[in-house]
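> Sequence:
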Amino acid sequence: MNRYILIIAIWLFSSCRVEEIAPLAEAPKNVTGSWKVIKATRNGTDITTAFDFTQFRLKFDSTDNYILINKLPFLVNKNGKYKLDDPAYPFKLTMTPDGGSAVSTSFNYPTIAGIRQLSLTFIPGCELNSYIYTLEREN
231 MNRYILIIAI WLFSSCRVEE IAPLAEAPKN VTGSWKVIKA TRNGTDITTA FDFTQFRLKF
291 DSTDNYILIN KLPFLVNKNG KYKLDDPAYP FKLTMTPDGG SAVSTSFNYP TIAGIRQLSL
351 TFIPGCELNS YIYTLEREN
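Going from the sequence shown to the numbering used here is simple: count from 1 and add 230.
Each hint should be verified, as a subset may be incorrect.
Simulated crosslink set (DSSO-like; lysine-lysine; CA at most 27 Å straight-line) [unchecked claim]:
1. Lys259 x Lys322
2. Lys322 x Lys311
3. Lys289 x Lys322
4. Lys308 x Lys322
5. Lys313 x Lys266
6. Lys313 x Lys289
7. Lys269 x Lys311
Bear in mind the hints are in silico, worked out from the structure with no lab data behind them.
All of these numbers come straight from a predicted model, not from anything done at the bench.
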């Protein structure tokens with residue numbers, strides 16, 4: 231009887247395999263589309279209602295171009311090319327205006343209440359003014 235228990239135990243342990251599970255790759259972040267400002271701060275003060283941000287749009291296309299519509303104080307002042315530092319886990323957005331030099335900013339891509347947002351922090355020239363624009367994609 232002990233021999234049968236031993237044979238069954240060996241058979242059970244030898245039949246177990248360790249399965250290797252490959253981690254799922256993070257999907258690249260898709261920033262293409264038209265983005266509108268839903269919140270703006272300057273030096274920590276909310277200025278969303280102090281200026282008309284309703285007409286400003288930042289459009290990213292699938293060929294790495296961006297277009298500024300109804301310009302405001304922003305990281306760049308001309309249309310051009312953009313690049314994310316990492317397509318899956320972006321922390322930095324680099325914008326290169328046509329005929330200009332590349333400018334980088336910190337980049338957050340949170341989902342708030344099920345809606346994807348962009349949060350861009352930048353200093354448009356004067357070191358005394360730091361802006362944070364929170365943008366939401368238009369449908």
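> State for each hint whether it applies.
Tested hints:
no. : hint            : in the structure
1   : Lys259 x Lys322 : holds (12 Å)
2   : Lys322 x Lys311 : holds (14 Å)
3   : Lys289 x Lys322 : holds (17 Å)
4   : Lys308 x Lys322 : holds (19 Å)
5   : Lys313 x Lys266 : holds (19 Å)
6   : Lys313 x Lys289 : holds (13 Å)
7   : Lys269 x Lys311 : holds (24 Å)
Of the numbered hints listed earlier, not one is contradicted by the structure.
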